[in-house]
Amino acid sequence: MKGSTSLLRSIQIQMRVIGALMMREIITRYGRDNLGFLWLFVEPMIFTGGVAAVWSLTRNFHASNISIVAFAVTGYSAVLLWRNCASRCCMAIPPNVGLLYHRNVRVLDLFITRILLEIAAATVSFVTLSVLFGVIGWMDWPKDLVLLIGGWLLLAWFSAALGLVLGPLTTYAEVLERLWHTLTYLILPFSGSLFLVDWLPPVVQEYALRNPIVSGVEMLRAGYYGPAVHSHFDAGYLAICSAVLTLVGLSLVPVAAGRVEME
Amino acid sequence: MITLQCVTKVYGTRQGPRRVLDDVSLTVRKGERLGIIGRNGSGKSTLIRLIGGVELPTLGRIRREMTVSWPLAFGGAFQSHLTGLDNLRFVCRIYGVDYKRTVPFVEEFSELGAYLREPVRHYSGGMRARLAFALSIAIEFDCFLIDEVTAVGDSRFHERCQIELFEKRRDRALILVSHDANTIRAHCDQAAVVENGRLHRFDGVEEAQAFYSAVAA
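Those protein sequences? They're chains A and B, same order as listed. Residues in the first sequence are numbered consecutively from 372, following my numbering. Residues in the second sequence are numbered consecutively from 1096, following my numbering.
Keep in mind that the hints were calculated from the coordinates and are not lab data. Some clues are possibly wrong.
[To be verified] To list a few chain A residues with every Cβ distance to chain B over 10 Å, as calculated:
| hint | residue |
| --- | --- |
| 1 | A391 |
| 2 | T494 |
| 3 | R549 |
| 4 | T555 |
| 5 | G597 |
| 6 | A599 |
| 7 | G629 |
[What the hints assert, rightly or not] DEER-style ranges, computed between Cβ atoms:
| hint | chain 1 | residue 1 | chain 2 | residue 2 | range |
| --- | --- | --- | --- | --- | --- |
| 8 | A | E632 | B | C1101 | 22 to 28 Å |
| 9 | B | G1126 | A | T553 | 43 to 49 Å |
| 10 | A | V495 | B | E1235 | 34 to 40 Å |
| 11 | A | P466 | B | L1154 | 29 to 35 Å |
| 12 | B | T1122 | A | V615 | 43 to 49 Å |
Using N, Cα and C, we set each Cβ at its ideal position, and we do this for glycine too.
Same shape as in the complex, but just chain B (with noise of 0.2 Å):
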């Protein structure tokens, strides 16, 4: 279970103090599906980066009571100089995987080939996301986080998430950040919305993207 209590996020900018989220408690199970939906710079990456434990919030308590990925996004969590079975190996050691046992998975669902033995920054963005998902569920986390990142990569990189991420691993949690409703209606059972730095949750995603519709609009 992963429980955030009265979070509230503040960053220091030029034209001062910005409150980038207020007060938000969310509560995720093991197995639930959750997609949180909101505009661009609503809050919702900075979520789900205070919710993996990248940033720390200024007020409020988060815990986490099963293994959560990383954010899986864009940018972030690679060094682009090292190639990409070097950014496994360092990614192994971190969360104590047996690197070699990674290998075969990481192969084969990235579909790098001899890209994996070069550097990152050599990479286009849907093949760091193909690198990025195949370490993450090499690990085997009990949740996974990703922001945005289903945008990318073509259709057989969303079939082989699909099975992979989605029918394989059903049984684990997920938190998935879009900021469009269709992305999260496919993977996500329930939904919350972020606006103004305010957390709106929904029992069901059509809800959601009623609300969504209604404050985006």
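Just chain A, with the same shape it has in the complex (with noise of 0.2 Å):
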């Protein structure tokens, strides 16, 4: 190993690195045997499939004729996605602050560890249940599947710097931790995921779009229900709002790292 390690090499080092932390990480959180493996997906399904099925056997959406399953999946994957990405960086280092003694590990690639799983089982519960319902007839195919990859992929990016906030703010307090698990109830209403915009009176409207999450849900339903809704997003303040996330994140991560305390 030279001094002045190149750029492609270093890339090279983090790609392996991140590549075992994420085995470590489902063997961990999972367990040994296959279908502990299984379980990464399987968890995000069950939540997501009983509220749709919930949803559909209690039909509050009277006002709407719009399929309730498919509202319940894009709503419910949306919520898995942006939620358990920032939760699962909350406390990320604690547990593992034993594999920082190597030194190609690194603070930022604990939490880059944990949200690209919790990406990957939520695209897959939310791929698995789409197919799974379309198969059986309780939702129809997606009407324009560009427009619902592109907010799917926004709504990843957006969760990811909000995790890279979230988790080397919690080295600070870690009564962030419990905060957001409380806040996420009540961010939850206000995140798109229970309304249409359309569904909203014209001057709330407005005030709903300022979350940028709102947009997120709407694409992935417009997406999903092409011109039998009328969709409002705004893709563009979707992604400035993940650029500046991400890189205020980005600034924090090494600050957190420096406060790491080893044993």
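Take each chain as given, in its own frame, and dock them per the hints.
Rendered as structure tokens:
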């Protein structure tokens, strides 16, 4: 190993480290046996599937003629994405402090690992449920796949950025982790998962769209329902918010890394 | 070669900033065996963690121009929920080493037997040390960092370390940290004393020991 490691070499090492961390995380969280690995996806699937089933049975959206199952699947998949990315980044360091003994393992890798795993889990759950419900006829196939994927990717970016900001902040105040769990319940009703912006009075719509997550969920649903619903979103706004959060997060990570104390 | 240039490490404590290492410079060449002696809390473990890149210096530069192990110490470096073999697999992935090729050596050297398939949290201190040494020797670093771990383990473990680390791998560099000058004398040909955040280097272990006895008294 030379004193000045080339950029390409550094990237190779980091990819290797993140791969190893992901395998490790899966084993510690879900156990050794093969079924354990499935839990990564089954957990969110049961959650989303359950909500979809309850909503379709109780039919509390009489005002609308859109598919309730599709509404639940898009809405809750989005919740899983931003909620889990952020909450898994909170307190990501303490259980992994021992691994930082290996020089190549950096604090940023711990966050990236958890973010990638949560995005993968939410994506697999979203895709599997959509295909499953599509096949048995509970849901139509998406009308505009590009818009759907675009919305999903933007939401994933925003969720990752949110994790990168919250994760380092928990090294300053551990109470933030508990606070975040409470906050998710407060943010949830305003995150666009439980309503279409079009259902809101025009005055309220403007305020609702100030939450960047709402734009992402609206994009998902625009992709799903196509012209059947009137969607309101600002992809550029969501992207800018994500970019700003990413920059803030990336500048917080080294500060947090400096605060980590080894045993 | 490992070079430390004017390295200072400051920790924030409740009583305000504490300077654990103050303007330390050090060079370790390939094949050199350096012992670092110091009393408890003198900053020698901090020094070895900085050399290993576990922590970053507050001031100064550290250059590593050979592969350096992680600091082999009592704690750290393992995931206690995972088995010994899972930890081996993880460490191999991190350092880009083929896992399967390392297993026979680790099984043989660690003598952990069926315990390799048990979570590391069930291990005793000596068993952890055996696993740590087995892993790091299997990965074949140019320089081994050892933090007091030779103090644990039975005579059989010491004998194996003697053969695998101190005889078969004589060409490797070694930085050994201890509060015990006899340990240093047994394994090192050079020595340094950490005292009040300062590093005093000596050519021979005897001089270092004399200095250490003088300041420790």
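Results for each hint:
no.	hint	in the structure
1	A391	violated (3 Å)
2	T494	holds (24 Å)
3	R549	holds (23 Å)
4	T555	holds (27 Å)
5	G597	holds (45 Å)
6	A599	holds (48 Å)
7	G629	violated (7 Å)
8	A:E632 / B:C1101: 22 to 28 Å	holds (24 Å)
9	B:G1126 / A:T553: 43 to 49 Å	violated (58 Å)
10	A:V495 / B:E1235: 34 to 40 Å	holds (39 Å)
11	A:P466 / B:L1154: 29 to 35 Å	holds (31 Å)
12	B:T1122 / A:V615: 43 to 49 Å	holds (45 Å)
In terms of the numbered hints stated before, the structure departs from hints 1, 7 and 9, listed from lowest to highest.
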